[in-house]
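Novice: Mind assembling these two chains? They're in different frames, but the hints should get you there.
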Amino acid sequence: MLRFLIRRLALAFLVALTVLSLSFALTRLAGDLAVAIAGPSATAADVAAVRIAYGLDRPVLVQFADWAVRAAHGDFGHSFFFKEQVANLIADRLPITGTLGLTAIAIALAVALPLGILAAVKQNTWIDRLATSIALFGQAMPTFWFGLILMIGFGLKLGWLPISGTGSWRHYVMPGIVLAFTAIPALMRLTRSGMIEVLASDYIRTARAKGLRARTVVLRHALRNAAIPVVSIAAVQLGFMLGGSVVIEQVFALHGVGYLAWESISKNDYPVVQAVVLVLACIYVLLTLIADLLNAFLDPRLRTA
Amino acid sequence: MTDQVLQAPIVLPRRLRHGGFVLGAAIVGLVVVAALIGPALVPDDPFAQDLLKRLVPPMWMEGGSAAHILGTDQVGRDYLARLVYGARISLLIGLSTVIVSGLIGTTLGVAGGFFGGRVDDVVTFIITCRLAVPLILVALAVVSLVGSSLLVVVVTLGLLLWERFAVVARTTTAQVRNLDYVAAARAAGCSRGYILLREVLPNILNPLIVVATLEMALAILLEAALSFLGLGVPPPLPSWGLMIAEARDYMFFQAWVIVIPGLALLVFVLGINLLGDGLRDLLAPEGRA
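Quick note, the sequences are listed as chains Z and S, same order.
Everything in the first sequence is counted per the working numbering, starting at 1 for the first residue and increasing by one.
Everything in the second sequence is counted per the working numbering, starting at 1 for the first residue and increasing by one.
Extracted from the complex, chain S is given alone in its bound form (with noise of 0.2 Å):
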């Protein structure tokens, strides 16, 4: 009786939440399938200009047709062929950074956070001058410097986004680090990288796949960013962030042509999002959601 009392405030905005994690588990499921198999249903090439059929409509406005659901772009290349093709790479983007990021940062928080002392002086430090470096700036210099491509886009933004990974992990071993079980492993004589690789590190597992969904967010948006400032995923490759650079300059003639692809970016990140925090809640443990 007492327990349902006590529980009774924090299950139901728990049950809510879990809307917001469906939502978000939703979207990026479809975003998911969409880069995965979308190709295949979408019968046209994302390539293929058709300078005949310029800037068609989506089929829902007056001049549309069901050959282009979502109409053409400036070149004639059908819309929806695009989209589905641009989902591939903000997925790609957003998978490999964080697996770069999350290497770094990891690293980086575990070593200052078991450590303590004088390592974590160092990493505390090296965390504050990350911060203090303009992100997109120094993101857009160095793809500028090295040439743009997706590998160079990925490198960038992964040796740039690790921080949030290192604060977490950081704060996380620290906590970890006093526990029983660690000085019982450091008592039955295990070595150091024993202990960091199976006591420490699947402990701060969970609240780093939290960070990974947020930064995965993060890395979307900035390529997205980058490929609209022209030093991003080079053309005609068809990167979200690029159609809306190339659309840039129909815009007030038919606001569809930024409308289309700038909804697929802001849908998906929400999702991702929604997701990151619906995982936070089911992952907390239990009444600390």
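Bound-form chain Z, shown alone (with noise of 0.2 Å):
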């Protein structure tokens, strides 16, 4: 188990600091910064005296280093945009994209568990078929078009719902479902296949031959098993949320982390870009660790891996 944990947390410092090397690399992308942020109508002299106030003369590995012992230290810099440091309008925004993300992965659990569980108890009739059919939706879904449409439906035909803003709990629910369609159809069919598997399985049997009732086989002895991989699933799910939710809050105006990040690039704004991009991929990497963790935990059979 130690020689696992060790391991684990070894494979996610290395993925995070190359995801940090990346990061810096990818405002290096464009060539050269200095112009970029002095602007189209900056003379030469311009352009040098922003080479040398934000430190653009220096080597790159050295640029490299600066950064990354800084954003290691949560110091991702000033923002050109915004005047202000960009950890703390990171740290204003991330909570509106974690409500959004724990909303999201709520109503796809809710929708995806019990329609798996059915799907696989009722194999082949028109309820597994039904759980198929909206599997294939939101996998065909574009998520920002059917955010629109529900805005039209919910919004503006039933008005039932704000149509955008942060305001309460309400201005969640909208983009909460759209967002839950991204991950509903991985999530039910791992459900489903987990289930049927587990279903065909001996201790199965048993438990039917020993006459217990059909609800308490399904809920209490198979999901326990079935449930170990969708745990996992889930976690990597929530982690594209995050990352994904930069549409999602375009369309609904949500103030989040996505919606900071999309201003911010068309503002030429790269400490925010880089930092968003850094901070969303540390999370991710962050929920895969607790979930290879928690799975350990729920399967000693995994520890060994």
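Keep in mind the hints are simulated off the structure, nothing from the lab.
Accuracy of the hints is not assured; some may be wrong.
Which residues of chain Z face chain S? A few of them, derived with a C-beta cut under 8 Å, are [as the list claims (entries may be wrong)]:
id, residue
1, T18
2, F137
3, A140
4, M141
5, F144
6, W160
7, L161
8, S164
9, N225
10, G243
11, Q250
12, A253
13, I265
14, V273
15, V285
Chain S stretches covered by chain Z per the calculated footprint, using a threshold of three residues with CB under 8 Å from any CB of chain Z [to be verified]:
id, stretch
16, 84 to 93
17, 127 to 133
18, 139 to 147
19, 228 to 238
20, 243 to 251
Not the full set, but computed from the structure, chain Z residues with beta-carbon under 8 Å of chain S [claimed, not checked]:
id, residue
21, V15
22, L20
23, A34
24, V35
25, I37
26, Q139
27, G159
28, V247
29, A261
30, L280
Every residue, glycine too, gets a C-beta built ideally from N, C-alpha and C.
Specialist: Following this line, the structure appears as structure tokens:
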């Protein structure tokens, strides 16, 4: 177990380090950063001044080391546009994205688990086909378009929910549903196939032969084993959702980190973009790490991996 | 007799699945035909503006006319012509992205699966890193930095969407590597390159084709999202995502302006996915569907 833990922690650290380098490299991709910062109307002297002011005249490796050390301490420098610490900007916006992500994964699990279980228990019936169809549509649905359609339906025609903004919990319902749909197909398929496999196993036959109620067998005996892989995929999906929330946040004008990133991208505010990419990637690494540890805890067979 | 009994539960769902395969193939076929010869059938120019005929509704709605079957957009361009031209863009992006990402992913996956050991560790690590990178965000940032064009979108998506190819190529190669015919080829003195290209690759091709359909669907959705956010295909090219973005200001008054391009996107992607699922069943060895 200890060996597994160390290996897994080392891997998480290495991945975080690699993403750190990548997000630094990302901003150097465009060519001369000083020219981009100074703007289109800058003279050669302006560009030179910017280059020195931002420390861009130093060797790239020195810049990288400097940035990496600061980033590791949570200091991402100043935003070019907001005139504020990037770390503060992100800290302000992160709760909104976090709320959105957690709402979405809760909705996704609330839909995918019962549907997946039902589809497995009643294999090849209408409910199984319904579940499969939902998964197919979820996979093919353009999220931003789904959001707009919900806005027209629930926001404009029915007037049930606010169309945009962040005032109350009601603002998170529609974006939560839209984002949940990106995770429902994977979660449901996994629940279904896991349940089918477990339901065919010997210990389930024993439980049934003992005369236990069908409900007890499915929910207490089968689900426990079938849910193990679902836990880790749910964590991974939550990570994907946080990363993919940029589109949904823009559609619903939710001012989370995704929105911040989108604004910053259109304003060439590189320190912010860099930091958001890094923070979201680190959250993903952390989530997968937690999922792996949780899995090893739930399923002793995985601990040797 | 026993054969029939054994096969009955397999054959029936297979046939049902084939229904999906046929539907998927029909949808994809229709879009491909529309993309290839559609512009010849639709008389209107997708770029020609007519400010006197803005937001004319589709012909079946009040105020619509047969001159513009699907109506016109906010600057009076024929919606059907733009939709058909948009199919070209989606198809082009989907296919070229899959070629780029397929090459990257398959190379990495086959290397990891075939050589194992250190090489495999490195490949697995690269895949893990790629998964940690927030896809849309990085794509947006790259397109914004480099400047948006069809080529930039394809290259960016191609460089980001290879991980499923790599995962599948890696596991299937690792299985194939230990089979007798690879050992036989080795014993016969075939070179490593020959074994990889002539013995391994053809035998892992089927699952990779299935991945290609899924990735193509994903690439099309991502291009639409990028274009919707203004960092994908540059206007005035009629990408479906861009059409939705441009129509967004009018959607509360005339919902059809976003329903039409959105439905096109949904149905096309659904078709590709159905085709992929069907292919997986058809290509799977008997009884393992």
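Novice: Are there hints from earlier that the structure breaks, and if so, what are their numbers?
Specialist: 6, 7, 8, 9, 12, 16, 22, 23, 24, 25 and 27
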